[in-house]
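Number of protein chains: 2
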Amino acid sequence: MKVAVVKNVLDANERIAQDNRTLFDKQKIFVINLMSSPGAGKTSLVEKTISALKDRYRIAVIEGDIQDTQDADRISALGIPAVQINTGGACHIDGNMIREALPSLELEGIDLLIAENVGNLVCPAEFKIGENAKVMILSTPEGADKPAKYPLMFQESAVMIINKMDLMPYVDFDLERAKRTALAINPNLKIFELSCKNGEGLEAWYSWLSDQIESFRTP
Amino acid sequence: MKVAVVKNVLDANERIAQDNRTLFDKQKIFVINLMSSPGAGKTSLVEKTISALKDRYRIAVIEGDIQDTQDADRISALGIPAVQINTGGACHIDGNMIREALPSLELEGIDLLIAENVGNLVCPAEFKIGENAKVMILSTPEGADKPAKYPLMFQESAVMIINKMDLMPYVDFDLERAKRTALAINPNLKIFELSCKNGEGLEAWYSWLSDQIESFRTP
Chain A
71 MKVAVVKNVL DANERIAQDN RTLFDKQKIF VINLMSSPGA GKTSLVEKTI SALKDRYRIA
131 VIEGDIQDTQ DADRISALGI PAVQINTGGA CHIDGNMIRE ALPSLELEGI DLLIAENVGN
191 LVCPAEFKIG ENAKVMILST PEGADKPAKY PLMFQESAVM IINKMDLMPY VDFDLERAKR
251 TALAINPNLK IFELSCKNGE GLEAWYSWLS DQIESFRTP
Chain B
71 MKVAVVKNVL DANERIAQDN RTLFDKQKIF VINLMSSPGA GKTSLVEKTI SALKDRYRIA
131 VIEGDIQDTQ DADRISALGI PAVQINTGGA CHIDGNMIRE ALPSLELEGI DLLIAENVGN
191 LVCPAEFKIG ENAKVMILST PEGADKPAKY PLMFQESAVM IINKMDLMPY VDFDLERAKR
251 TALAINPNLK IFELSCKNGE GLEAWYSWLS DQIESFRTP
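Going line by line, the protein sequences match chains A and B.
For the first sequence, my numbering begins at 71 and goes up steadily by one.
For the second sequence, my numbering begins at 71 and goes up steadily by one.
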């Protein structure tokens, strides 16, 4: 019974996510669902990405948080359209929350929409929102055991960004083990090692993301 | 309808947690529900606490993880009875999972039971397990904005441990802001600042925990 309820919720979400996707396809908007543990650096990555790409692409952001608007305020400060979703306790964003947020954004002409999920390495991986790619961040202080302990997140994501590489000298992070175990779960995972703080490794991420946007616009 | 389903789940959990509590009271077992984001240092804190207190108290541990047994293996290596709960996808442990785990532990003579929850700053705060105290860890790399963004966790906890103080020189963590916003949510929150890595601040935590165990045994 419980399983049936959960399955119905996921099926309903899948339909709404598909509707969102149809809309994004029509407008040629490349959509990222950005996920990680709390404090791994999602908003920092969004800020850096906006600064690097905003002259080439029109970008919009949806910020998902349980409550408060700190993240949307940070993005708005960059002159980018940002909508805050407050999930009111829910531990993830879903297709319907994105659908409800869209009328608050001018989608016309947008090239890239980044949806920053609630900080949570578990539940967000279960809910599609109509994204082109799920991108997840693992930060070095979290430890290399995370792929084995939270496998769905690594399985569902197209990209794993290893952030806070600047802290490598101060934390016991086994980089090779993290990559090896993540790739064992998902051999197609694209991996970037970078630091939003000192900027190392960000160019490769910008380059990959630009390629995705370009090839989506002109298939 | 959806709300009613959720309410029923929480009500059912509350009853089972109360049954667990009755059992723990009878056996005079002080129970901690330990929660945090992934990688904030829950298992490290459990290891340190065991090493410091195992000669004075009999300790047992329940490890909650979505899958795998890395954490229970770490605890068993210390000669402490440990049971691994695999939640099979669920993002938290609940009263029933604890109830199911108890027959695998010899409760007779146990003074302290630590239940390490799934790494998640959201959902675990909603589910009682029959604990005496919810203890949550915020690690410095996560940032000082977390209390405002994940308020329920800070509201429900008796203790906030600020871990990874050794990383303070390398991260932008506003310690005063973190404490101020957490106390605004929960003025009764007991706060410890420590590092499981270099050991600073751990004595105050051991002392508080010992006092709790003692006063629970001889009220």
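Since the hints were derived computationally from the structure, they do not count as laboratory data.
Quick caveat, the model's predicted, so the values are computed rather than measured.
There may be inaccurate statements among the hints.
Copies of one chain are not kept apart here, so a pair can be met inside one copy or by any two copies together.
What the hints assert, rightly or not - In silico lysine-lysine, BS3-like type, Cα no more than 30 Å apart, as pairs:
| # | residue 1 | residue 2 |
| --- | --- | --- |
| 1 | K96 | K267 |
| 2 | K198 | K260 |
| 3 | K267 | K77 |
| 4 | K249 | K98 |
| 5 | K77 | K198 |
| 6 | K249 | K96 |
| 7 | K118 | K77 |
| 8 | K124 | K77 |
| 9 | K249 | K118 |
| 10 | K249 | K267 |
| 11 | K260 | K98 |
Do the hints match the structure? See the list:
In this assembly of identical chains, K96 and K267 lie within 30 Å of each other by CA distance neither inside one copy nor across copies; the values are 36 Å within and 52 Å between. When the C-alpha separation of K198 and K260 is checked against a cutoff of 30 Å, the pair qualifies only within one copy, where the shortest distance is 19 Å, while the shortest distance between copies is 39 Å. For the identical chains of this complex, K267 and K77 are neighbours neither inside a copy (41 Å) nor across copies (43 Å), given an alpha-carbon limit of 30 Å. When the C-alpha separation of K249 and K98 is checked against a cutoff of 30 Å, the pair qualifies neither within a copy, at 32 Å, nor between copies, at 45 Å.
When the C-alpha separation of K77 and K198 is checked against a cutoff of 30 Å, the pair qualifies both within a copy, at 14 Å, and between copies, at 25 Å. In this assembly of identical chains, K249 and K96 lie within 30 Å of each other by CA distance neither inside one copy nor across copies; the values are 36 Å within and 47 Å between. In this homomeric assembly, K118 and K77 never come within 30 Å of each other (Cα to Cα): the closest approach is 37 Å inside a single copy and 41 Å across copies. Taking identical chains as interchangeable, the C-alpha atoms of K124 and K77 are never at most 30 Å apart, the minima being 39 Å within one chain and 45 Å between chains.
Proximity of K249 and K118 under a CA criterion of 30 Å is satisfied in both settings, with 24 Å inside one chain copy and 28 Å between copies. Within a single copy, K249 and K267 get their C-alpha atoms as close as 21 Å, and across copies as close as 24 Å, so both meet the 30 Å cut-off. Taking the shortest alpha-carbon separations for K260 and K98, only the intra-copy value of 23 Å comes in at or below 30 Å, while the best inter-copy value is 51 Å.
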